[in-house]
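Protein chains: 2
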Amino acid sequence: MDFTTKLNAFVSEVETALDQLVPAYAGTQPGPVRIHEAMRYSVQAGGKRLRPVLTLSAAALFRPHAPALPAAVAIECVHTYSLVHDDLPCMDNDDLRRGRPTAHRQFDEATALLAGDGLLTHAFLILSTHYGADPLLATALVRELADAAGSARLIGGQMQDLLAEKKTDATAAELDFIHLNKTAAMLEASLVMGGRIGGADDSTLAHLRAAGRHLGLAFQIVDDVLDATADSKTLGKTAGKDARSGKTTYASLHGIDAARRMAKEQTDAALSAFNALPGDTAFLLWLAESMLSRAK
Amino acid sequence: MDFTTKLNAFVSEVETALDQLVPAYAGTQPGPVRIHEAMRYSVQAGGKRLRPVLTLSAAALFRPHAPALPAAVAIECVHTYSLVHDDLPCMDNDDLRRGRPTAHRQFDEATALLAGDGLLTHAFLILSTHYGADPLLATALVRELADAAGSARLIGGQMQDLLAEKKTDATAAELDFIHLNKTAAMLEASLVMGGRIGGADDSTLAHLRAAGRHLGLAFQIVDDVLDATADSKTLGKTAGKDARSGKTTYASLHGIDAARRMAKEQTDAALSAFNALPGDTAFLLWLAESMLSRAK
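So the sequences go chain by chain: W and X. With the first letter of the first sequence counted as 1, position 231 gets the number 231 in our numbering; the numbers rise by one all the way through. With the first letter of the second sequence counted as 1, position 44 gets the number 1044 in our numbering; the numbers rise by one all the way through.
Honestly, I wouldn't trust all of these hints.
Computed, partial: chain W to chain X, Cβ under 7 Å [stated by the list, open to error]:
| no. | residue |
| --- | --- |
| 1 | ARG34 |
| 2 | ILE35 |
| 3 | THR121 |
| 4 | PHE124 |
| 5 | SER128 |
| 6 | ALA133 |
| 7 | PRO135 |
| 8 | LEU136 |
| 9 | THR139 |
| 10 | ALA146 |
| 11 | SER151 |
| 12 | ILE155 |
| 13 | LEU162 |
| 14 | ALA173 |
Below, simulated EDC-like cross-link-like pairs (lysine to aspartate or glutamate); rule was C-alpha separation at most 16 Å, straight line [stated by the list, open to error]:
| no. | chain 1 | residue 1 | chain 2 | residue 2 |
| --- | --- | --- | --- | --- |
| 15 | W | LYS237 | W | ASP94 |
| 16 | W | LYS237 | W | ASP223 |
| 17 | W | LYS264 | W | ASP223 |
| 18 | W | LYS166 | X | ASP1108 |
| 19 | X | LYS1166 | W | ASP108 |
| 20 | W | LYS241 | W | ASP108 |
Just so you have them, the derived chain W footprint on chain X, three or more residues with Cβ under 8 Å [said to hold, decoys possible]:
| no. | stretch |
| --- | --- |
| 21 | 1044-1058 |
| 22 | 1121-1133 |
I should point out that these hints are in silico values taken from the structure, not numbers from a laboratory. A quick note: this is a predicted structure, and the numbers were derived from the prediction, not measured. The C-beta atom is built at its ideal place from N, Cα and C for all residues, glycine as well.
Only chain W is shown next, with the shape it has when bound in the complex (with noise of 0.2 Å):
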């Protein structure tokens, strides 16, 4: 199987555990109806589903006892939610994505802002009952997913994101911090609690861990130079937002040169953090590299 297949197959997983483990409301009247459409309608907006795999190819590098879908659906649910709510009129503002109607223009704020809560408190439901079975990896897991998605890592990354928009002037260390927790916690998250359902050591989820750190940075480096020189066409997406708002990016700090050179050393960094992982790392290498090199 090429890697384009094997990417192709783990999305297509992770598309039918999404549809069968995230609910929708079939009881008596009256019931959670409208919440649970919602819900839905944001996960399977589709996208490129990058967390749920790197859960599944991390955990393809043992032999699991435990199915690593639930926890890349979790994760994915938790992604959803941040999306979600980072949509809101009173963060982002957007209409928008991925060409549909985002959430609270499909339905309404309110339920948008409920539809995103009761993604993130689903995904605790998922740890929590489908591991169940193994309450030591289901505490583990919860608290890997609670602490990248919780208020010192992917929330307060996303808080001081917002500060940052307001200023012109954010420091290349502010900046920093903004992505290594907006951006790389869940990725870390993803790697990492495949790991652990493959049964992989500490030193192990160290590398996972690093990888994801780096590849996070990677990720969001590409954004901003894409963001600067992509027209809008191929990026699918507004391109030079960033520019004409005057928020400070990779680009704009440190010039797209540095940064084309700064996004290489971040992805060389995940690619050593992967080589250093036991099984056949073949196609997280090839992931990395193709998230380095996309045009979108």
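The hints should help you fit chain X onto chain W, whose structure is shown.
Relative to chain W, chain X alone:
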């Protein structure tokens, strides 16, 4: 110790533990300062602390092998998050809570949204960290809380409550659904989590769950009656809001006298469930009765 002194002692333990377990960012800059200020502002708003007190007093029926305070704090974090999001402009649009500006008035909407997200996520970090030495218990607590706070219960109840506010002809079944989930679910979880920490068997857990269910309905019916009969000064908040907005309540649907009888029946059912528990239930019985006879 009389019951009021005991209640105050529990509340005081909860306040101290909230201060210890809800993070205050004190790391190096740049770091997530504002998000943690908003989270602490919201949990430190006071209030009855009913849910954590139920957890502590349920656990105290037994000789628990794990402390109940972290779980009590986790439950209060979830309750607080639900209030913060409920107060937002797209939901109830409240400016004041317990005499202080609501989180989005004190900070801004985006910060309040993220602070709510942070508190919800932090609850699961607390459970998975503080009960990590007993992963079977930790997993059961996470499952109980995620279920009670999830889209089929707390969030589903809030969604249906919002939808019901837009019409004046909500049915008795719709009203029951809303309160069983918006209010009772978290009271059930508070008692059941206390019981689990105490090592309660399945039949005892079922009594605790039934008590929480009846207590939740009684609590909500009393709220509706007070809104229709008390004056704003006694209530400490605007009275008569339901009638003016044409909202369907137990009082409007069944009449004040019938609603009072229903509150009494639900309280009696809660007392019966508490009476079926082992240990010294006197405090829980007193608490249930004082909830029924409260004047605000």
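Hint check results:
Taking 7 Å as the C-beta contact cut-off toward chain X, the hint placing ARG34/W at the interface holds, the least distance being around 6 Å. At about 4 Å, the closest approach between the beta carbon of ILE35/W and any beta carbon in chain X falls short of 7 Å, and the interface hint on this residue holds. Given hint, THR121/W at the interface with chain X, holds; its Cβ is 5 Å from that chain's nearest Cβ, closer than 7 Å. Satisfaction of the interface hint for PHE124/W is found here, the shortest Cβ-Cβ separation to chain X being roughly 4 Å, below the 7 Å cut-off.
For SER128/W, the shortest C-beta to C-beta distance to chain X is roughly 4 Å, which falls under 7 Å, so the interface hint holds. Of the supplied interface hints, the one on ALA133/W is violated, with its beta-carbon coming no nearer than about 10 Å to a beta-carbon of chain X, more than 7 Å. With its C-beta approaching chain X no nearer than about 4 Å, PRO135/W sits inside the 7 Å limit, and its interface hint holds. Because the beta carbon of LEU136/W sits about 5 Å from the nearest beta carbon in chain X, less than 7 Å, this interface hint is met.
A least Cβ separation of about 4 Å between THR139/W and chain X falls short of the 7 Å threshold, and the interface hint therefore holds. Checking ALA146/W against chain X: minimum C-beta separation of about 4 Å stays under 7 Å; hint holds. Annotation: SER151/W was flagged as interfacial toward chain X, and the flag holds, the nearest CB pair being 4 Å apart, inside 7 Å. With a cut of 7 Å, the hint placing ILE155/W at the interface with chain X holds, because the nearest CB-to-CB distance is about 5 Å.
Taken as an interface hint, LEU162/W checks out: its beta carbon lies about 6 Å from the nearest beta carbon of chain X, inside 7 Å. Using the Cβ-Cβ criterion of 7 Å, the hint placing ALA173/W at the interface with chain X is satisfied: the shortest such distance is roughly 6 Å. Among the hinted pairs, LYS237/W with ASP94/W is consistent with the structure: their alpha-carbon atoms are about 11 Å apart, no more than 16 Å. For the suggested pair LYS237/W and ASP223/W, the alpha carbons sit about 12 Å apart, so the restraint of at most 16 Å is met.
For the hint pairing LYS264/W with ASP223/W, the CA-to-CA distance comes to about 13 Å; that is within 16 Å, so the pair holds. Pair hint LYS166/W plus ASP1108/X holds up; C-alpha atoms about 14 Å apart against a cutoff of 16 Å. Between LYS1166/X and ASP108/W the alpha-carbon distance is near 14 Å, which keeps this suggested pair within the 16 Å criterion. At most 16 Å may separate the alpha-carbon atoms for a hinted pair to count; LYS241/W and ASP108/W exceed this at roughly 26 Å.
With 0 residues having a Cβ less than 8 Å from any Cβ of chain W, the stretch 1044-1058 of chain X misses the three-residue criterion, and the hint is violated. Counting residues of the stretch 1121-1133 of chain X whose beta carbon lies closer than 8 Å to any beta carbon of chain W gives 9, which meets the minimum of three for the stated coverage.
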